[in-house]
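Taken in sequence, the protein lines are chains C and U.
Heads up, the first sequence is in our numbering, so the first residue is 20 and it goes up one at a time.
Heads up, the second sequence is in our numbering, so the first residue is 50 and it goes up one at a time.
By construction, these hints were calculated from the structure, which means they are not laboratory data.
It is possible that some hints are incorrect.
[Claimed, not checked] Short, incomplete list of chain U residues facing chain C, as computed with Cβ under 8 Å:
no., residue
1, 282
2, 287
3, 291
4, 852
5, 856
6, 860
Small disclaimer: the values here were computed from a predicted structure and weren't measured.
Beta carbons are placed, not taken as given, at the ideal position from N, Cα and C, and that holds for glycine.
The chain contents come next:
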Amino acid sequence: MNTQDNLKRHPGEETGQDLNVLALVCNWCTYTAADLAGVTRLKYPTQVKLIRFMCTGMIDVRYILRCFLEGADGVFIGGCHPGDCHYLSGNLKARVRIKGLRPVLEMAGIPEQRLRLSWIGASEGKKLQEELTGFTSEVRKLGPASFRQMHLV
Amino acid sequence: MNQNVRALVIGAGISGIRAALDLAEAGHSVLLTEKALAPGGLLLSLDRQFPDNHCGLCRILPGDITGRVWNACMRRGFGHPDIEYLPGVEVLDIQGTPGNLSALMNRRGLKVDPQKCTGCLECLKVCPVSQPYPLAPGLGQCKAVHPSAPHKPDNWLSINPDACTLCGKCMEVCPTGAIHAAEGNGPESMDKLSLAVLATGVEYFDPQLHNHLGCGHWPDAITSLDFERLISGVGPTRGVLRRPSDLGKVRKAAWIQCAGSRNLKLNADHCSGICCMIALKQALLAREKGMQCALFYMDLRTPGRNWQKYLNQAQQKGIRLIRCRPHSIVRDPGEDSLRIAYAPAPGEQRDENFDLIVFSVGRDPGYKLPAWAGQEGVIVTKGSERVLDIAGSLIAASAAAGRALRSFSDSCAQPGGEAYVSEHEHIHPSVLVVGGGPAGLSAALSLAEQKTQVVLVEKKDHLGGHAIKSMVPEVREQVLELRDKVQKHPEIEVLNEARLQSCTGPAGRFVARLLDARGHKREVKHGAAILACGTNPSRVETEDPRIINVFDLPEKLLSPDAPGNSSGRTVFILCSGTRREPADYCSKVCCQLALRQAIEIRRLNPESEVTIFYRDIIVQGDDEQLYTRARSDGVCFIPYLPEKPPVFQAGEKSVTVQGVDPYLKEDLQIEADRLILASGVIPESASDLARIFDIQSTEHGFLKEADVKYRPLDSVRAGIFVCGSGRNPVLAGEAVLEGEAAAQTALSWLARGRRNWPGSFVRVKTALCSLCAMCLQACPFKARYPDEHTGAMAVDALACQGCGACIAVCPNKASAWAGQEEEEMHELE
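My request is simple: use the sequences and hints to build the entire structure.
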């Protein structure tokens with residue numbers, strides 16, 4: 020199943036949920052934080068879909084662009100705190116890459132607020148909840164992404 | 050797997066897990082028992098750990114063994130096919146002889162099946178028991194059935210056997226039938242155990258029991274262990290710091306150090322070693338939340354290269370450090386907060402209000418090992434004797450596992466011998482040890498006793514390093530004994546006066562080139578390297594014979610014609626060259642050396658006067674007794690501030706030392722016959738080694754480990770290990786332990802070939818590779834290299850850790866996640 024179908028079939032279309040937020044998260048820190056958030060029964064918006072990567076350092080900018088092209092309203096990237104990367108410097112690589120991507124997104128008409136990079140450690144389930152909730156409401160303010168409205172892809 | 054050796058590891062805290070993993074990696078079957086219901090011990094209740102304030106237990110666990118890299122975090126469980134994990138089992142006694150031990154165990158209470166439990170919480174509704182919630186100390190009650198650990202998704206409810214009345218109501222209501230009585234409830238005997246490793250950890254001091262400064266009386270005065278849960282994001286207050294008494298907001302918090310340690314009244318003449326760091330960490334975390342923090346301490350003990358940096362960081366972040374032991378805690382009528390009364394200097398009385406007071410607790414002075422710990426065949430980890438930090442516990446556990454295996458290396462075919470002769474064609478079954486100090490010697494001997502070939506390279510013409518001149522007879526003897534054994538061992542080749550020039554080749558197939566004592570070139574093939582270079586005393590630049598380096602004193606001290614040896618005055622200045630830039634680290638060895646010397650001087654000449662200027666006396670564990678003894682022997686201790694170090698001037702008759710008396714607040718002048726400077730140690734050869742082996746070094750030139758907490762002896766490169774003072778200043782005894790642990794880590798690495806290694810995580814499509822070498826730069830583990838045969842960049846399967854950094858940078862999509870192509874990545878389900 021490709022991303023597009025996945026997003027089209029999103030329950031939001033039936034239940035009035037409005038957004039597609041993709042969270043590309045690192046396996047070791049942020050995904051564990053999501054686990055922890057689950058165990059402690061913290062709720063975060065159902066619009067968010069987590070996609071697990073081994074490391075934020077392996078998130079190619081093409082993946083992010085593809086997310087937007089296929090109808091994501093916001094892309095959230097969660098990695099380990101600087102200095103805490105399981106693979107030493109993957110998160111720093113992601114930071115550099117995303118910094119480079121932002122102007123490209125602007126040129127393509129995607130406001131940079133739709134892309135957020137955040138450091139969330141494995142024990143920070145609470146922070147994950149706060150960040151995802153905050154990000155989703157920020158994306159909601161921006162409204163649905165133009166790419167999605169245009170049905171470009 | 051060798052079924053002949055069956056090891057019992059008692060305690061599934063970090064030490065126990067490490068020891069069990071080491072034993073299992075060596076090919077033995079391991080029983081890992083834990084008294085509590087969740088593994089992880091104390092560590093599970095700590096959200097963030099010093100010295101980088103992150104968690105990260107995922108790093109020690111062998112994620113690749115099951116081929117499921119993601120299943121390798123403590124919080125998501127750990128697995129190893131050769132380790133049988135028995136939670137809720139207490140070991141009562143061990144008897145027998147090594148090779149045939151039998152353990153008496155007690156399996157306790159009801160058990161919740163983690164596979165069946167859905168976390169619906171029906172059982173909580175019917176449980177009639179109410180007990181203090183162990184994960185939220187002082188903050189409410191819970192049922193006998195409760196979450197077993199704060200971060201355990203797979204087994205998240207458990208039943209406290211001590212509180213459970215066995216009424217069985219929960220069994221009735223459980224919709225999935227997950228609750229059942231543990232099999233074989235009650236005492237049972239486990240026979241035919243080859244050996245046992247005791248890794249239970251120590252017991253912590255309970256200030257309530259001793260009514261220490263009113264702890265227990267004031268609900269807002271808590272222990273540092275309780276504070277960890279209070280500040281945890283998933284703790285009882287969801288990470289908002291609140292007063293336990295009325296849940297009011299905390300604005301000001303104070304830490305009081307040395308609760309139950311360094312206290313002669315409690316018969317606690319020991320330093321627990323890590324409480325200073327714990328308090329600094331907690332204060333830093335509280336500071337992040339905007340709290341005002343004060344720390345009451347006697348000496349801030351931050352030895353080594355990392356901890357000093359942490360202290361500096363705490364000071365920069367505005368944590369107040371007050372050198373004083375508060376005498377009382379009271380609450381004024383009508384006040385919410387507690388008042389700490391203290392006297393920072395004679396005649397000066399101060400008091401200050403705090404919302405929360407944290408006692409930094411250490412080892413309980415009454416703590417004793419169980420009687421059966423002395424049984425032959427039971428190996429006790431160092432972490433069960435004193436409080437250790439994470440790295441220290443792991444090192445001690447690996448060393449204990451190594452000792453356990455060595456005691457069996459004669460009687461069983463494995464480990465060693467054929468076992469470590471790898472079937473993997475790519476790992477050469479020998480180890481290069483660099484450095485012949487205590488760490489290098491013990492590493493070489495541990496390896497050789499487990500039948501692994503060792504080449505020991507030493508720069509100097511003799512083995513033993515600086516430790517053979519040690520002031521402590523036991524250390525001297527231990528090192529000399531190690532040296533003799535190493536020199537006689539047939540598996541060890543010693544190359545004295547050798548110069549290493551280069552080390553090349555991919556992981557497991559290293560080739561070192563060196564010049565031997567006669568200047569001949571030589572190549573050494575090796576599968577792993579242990580870098581155990583030490584440090585050298587930094588030089589004291591003076592011609593004056595009365596000004597002596599603390600490291601040169603032992604010889605001069607004993608000669609009868611030494612100046613000032615009669616009834617003269619001796620002055621020590623500690624930290625005279627370290628703990629400030631350019632050497633902003635603690636050398637760890639100088640304090641205890643100076644204390645020993647001061648005691649010795651007073652013993653030789655009771656008439657003599659000894660004064661020690663110090664910043665913090667940094668001695669840990671039972672070395673605290675040296676400090677106590679020096680004080681009772683009449684050595685005068687004067688603290689100084691780093692901004693105002695004592696200055697000295699060599700005059701004709703004497704050396705004049707000028708300092709400030711912090712209590713009288715007056716200038717002080719001492720005419721000394723002899724001035725001894727502790728100028729610390731410098732890692733002279735470490736940065737050269739780091740260059741040769743292509744690993745990282747710190748700004749001060751120490752060898753850098755892969756992870757400061759969880760992989761203290763691994764370097765970033767697979768197959769290259771670091772230990773000893775060249776990594777982090779240590780005492781000789783600790784260096785021996787590190788050497789043994791490094792040997793064990795290296796053996797686990799060599800044994801990789803024996804396992805069914807899953808292969809690289811990254812696949813290279815050679816036709817697409819344009820040799821741009823972007824991956825070479827991106828790989829943090831140096832696992833990518835140009836392959837002559839294929840004409841493309843290849844992946845060293847043994848070094849690859851699967852981060853995917855090379856995949857992201859590859860412009861031609863030539864690197865791909867093994868089993869997951871670019872297109873698949875775009876078609877996520």
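Quick rundown of the hints versus the structure:
1. 282: Holds, because the Cβ-Cβ distance from residue 282 of chain U to chain C comes to roughly 4 Å (cut-off 8 Å).
2. 287: holds, 6 Å
3. 291: Status violated, d = 15 Å.
4. 852: Holds, because the Cβ-Cβ distance from residue 852 of chain U to chain C comes to roughly 3 Å (cut-off 8 Å).
5. 856: Interface hint status for residue 856 of chain U: holds (5 Å vs cutoff 8 Å).
6. 860: Check failed: Cβ of residue 860 of chain U comes no nearer than 10 Å to chain C, outside 8 Å.
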